[in-house]
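Trainee: The primary structure of each chain is shown beneath.
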Amino acid sequence: MKALALVLALAFFILGILYGMGIINVFTKSGAAHAHHVTHLVVLWVLALLCLIWARFQNAGSTR
Amino acid sequence: MGIAQALFLALLQGVSELFPVSSLGHIILVPALLQWRNIHRSDPSFLAFVVVLHLGTALALVLFYRREWWGIVRALVRSVIRGKLSSERNESVGWRLVVGTIPVGIIGLVAEDPVRRLFGSALAAAGFLVVNGLVMFAGEYLRRRQQRSETRSPRAIEHMTYAQSAAVGVAQAFALLPGISRSGASIVGGLLCDLDHEEAAHFSFLLATPVIGAAALLEIPRLFAPGAHLAAIEALEGAILAGVAAYLSVAFLTRYFKRNDLRPFGWYCVVFGSICFVLARIGGIS
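Taken in sequence, the protein lines are chains A and B. Per the working numbering, the first sequence starts with residue 0, numbered consecutively. Per the working numbering, the second sequence starts with residue 9, numbered consecutively.
Simulated from the structure, these hints should not be mistaken for laboratory data. Keep in mind it's a predicted model, so treat the numbers as computed, not measured.
Part of the chain A face toward chain B, derived, beta carbon under 7 Å: (1) F26; (2) T38; (3) V42; (4) I52; (5) R55.
Just the calculated beta-carbon pair ranges, DEER-fashion: (6) A:V25 with B:P229: 12 to 22 Å; (7) B:Q155 with A:I22: 46 to 56 Å; (8) B:L15 with A:F26: 34 to 44 Å; (9) A:V25 with B:Q155: 43 to 53 Å.
Glycine included, every Cβ here is placed at the ideal spot set by N, Cα and C.
Take these sequences, add in the hints, and give me the full structure.
Mentor: What follows is the structure in structure tokens.
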């Protein structure tokens, strides 16, 4: 599970960068494109951070 | 947009965001009913104003639950540093809120634009408002049936499973559809996960804080979008009024759900939504 969490974190992180650079435009609005790319970047990086936290819990082993 | 219109919309947003009646549906339907032809939902100035109203609402929620949020944030930080989960209440609630927020983030990322493009009309908002009412009736019916057929006692938020928290988060994501209430969907989701009305509403309002706050913060660039001319005083008054309305709404609803259920809101949504639906069908509103 730790490996999966790390892979997901990396995938979200890279996806965020690609959105931020405007390379990926899937699921973004054509109008306010830049603002929307930033939104995707932030949400994807938050997901990456959560995956890292998940990996940390796998590392230490949880009490529940 | 005149100052009276701005203040009315701020009041409407503050109240309807927490009451299970869909703020987005009301922001579409009420100006259409009042024939406010100077308000265009895609106008950059209007979108910027809505962002400010959401910030006011989120701030009110943080203020209302400030002690609980402080405890939850501290517990989450402690838990990450420790690298272990414990059974402490604030920590358990905090991680359930995190898990419940993830589906909204992912579904919002993927589905928000197409959903708004497809269902942004008054007709769709009215139709979904009726559906919202029916969902609340269905939630109450299923809840009663669960209680009759099983001997399960209502549980507290911290005793929900993570899968249940995620399910409530998924239910909440249906509020991307204009007319479907975020709080209504998440309260119904909570009820079906064995929470009582008070706990389900509590979880829904806590879950609303990061969702509304993050949505507003992420939309801040709209304030500086080309063509967004927002008078500072109008924006400030709107945010304060929306915040006060949201604070009073959550104070009222937390008391209301101690003894009452969703059915009055269900009736309101069915009746108001049906009237708007008929008007939209015959061209009375658009």
